[in-house]
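Our numbering puts the first residue of the sequence shown at 6, with every later residue one more than the last.
There's no promise every hint is true.
Claimed, not checked - Derived CB-CB ranges, DEER-like:
#, residue 1, residue 2, range
1, GLU80, PRO10, 34 to 40 Å
2, SER102, ILE125, 16 to 22 Å
3, GLU150, THR126, 33 to 39 Å
4, GLY144, ASP79, 17 to 23 Å
Don't read these hints as lab results, they were simulated from the structure.
The beta carbon of each residue, even a glycine, is placed where N, CA and C say it ideally should be.
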Amino acid sequence: ADIGPLMHERAVKKVEEQVADALARGARCLAGGKRHAAGPLFYQPTLLVDVPDEALIMRDETFGPVAAVTPFDDEAEVVARANATEYGLVAYVVTESGARQARMGRALDYGMVAINRVKITGAPIPFGGVKQSGIGREGSRHGSEAFTDLKYLCLDVA
Numbered sequence: 006a007d008i009g010p011l012m013h014e015r016a017v018k019k020v021e022e023q024v025a026d027a028l029a030r031g032a033r034c035l036a037g038g039k040r041h042a043a044g045p046l047f048y049q050p051t052l053l054v055d056v057p058d059e060a061l062i063m064r065d066e067t068f069g070p071v072a073a074v075t076p077f078d079d080e081a082e083v084v085a086r087a088n089a090t091e092y093g094l095v096a097y098v099v100t101e102s103g104a105r106q107a108r109m110g111r112a113l114d115y116g117m118v119a120i121n122r123v124k125i126t127g128a129p130i131p132f133g134g135v136k137q138s139g140i141g142r143e144g145s146r147h148g149s150e151a152f153t154d155l156k157y158l159c160l161d162v163a
C-alpha cells in the first residue's frame, strides 16, 4: 500500500495513544501497531480486531492508517453503535449483500459512506462530514457552492 507521513508529531502520538488504549481494553492487533521505519511521522498500516465501543479509537476521529474492526450480531445494533459517536466524517461497510449495502448506506449518519472500498475521495467527490466532523463540503460543485453568494435580481422592464 502507498502511505505517506502523518501531518505532525501530535498526529502520530494521537494514533499511538488510540492504538494503545484499544489494546489495553482487549482489542487484538493483527498487523502494524507501531511507527514505520520510513521516518518519524510514518505509522504502520494497522489492523485492530475485537475493538470495544469504549476504546478511544471508536469514539474519536483517527487520522492515521488504522482499521478498527468490531464484531456484531444485529445490523440495527451496529448502526446504533456507529451512530452513537459525536463524529461523522466517514463510515466503512464491507458486505456482499446489495440489500445490506443500501440499508447501511441510508442508516449510517455520516457525511460519506464507503462500501467495499477504502479510497473514496477525489476532486469530483463532495468531501465532508456531519455532526462534530464539520458542516459543508469541499470538492465537487457542492463544495464550490459554499464559496458563492446567491443573489436574486428583480428588474421591472416595463
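Each hint, compared with the structure:
Hint check: GLU80 to PRO10, Cβ distance near 37 Å, so the stated range 34 to 40 Å holds. At roughly 20 Å, the beta-carbon separation of SER102 and ILE125 lies within the given 16 to 22 Å, and the hint holds. A hinted range of 33 to 39 Å is violated for the C-beta pair GLU150 and THR126, which are about 18 Å apart. Between GLY144 and ASP79, the C-beta spacing of about 35 Å breaks the proposed range 17 to 23 Å.
Hint compliance for this structure: hints 3, 4 are not met, and every other hint is.
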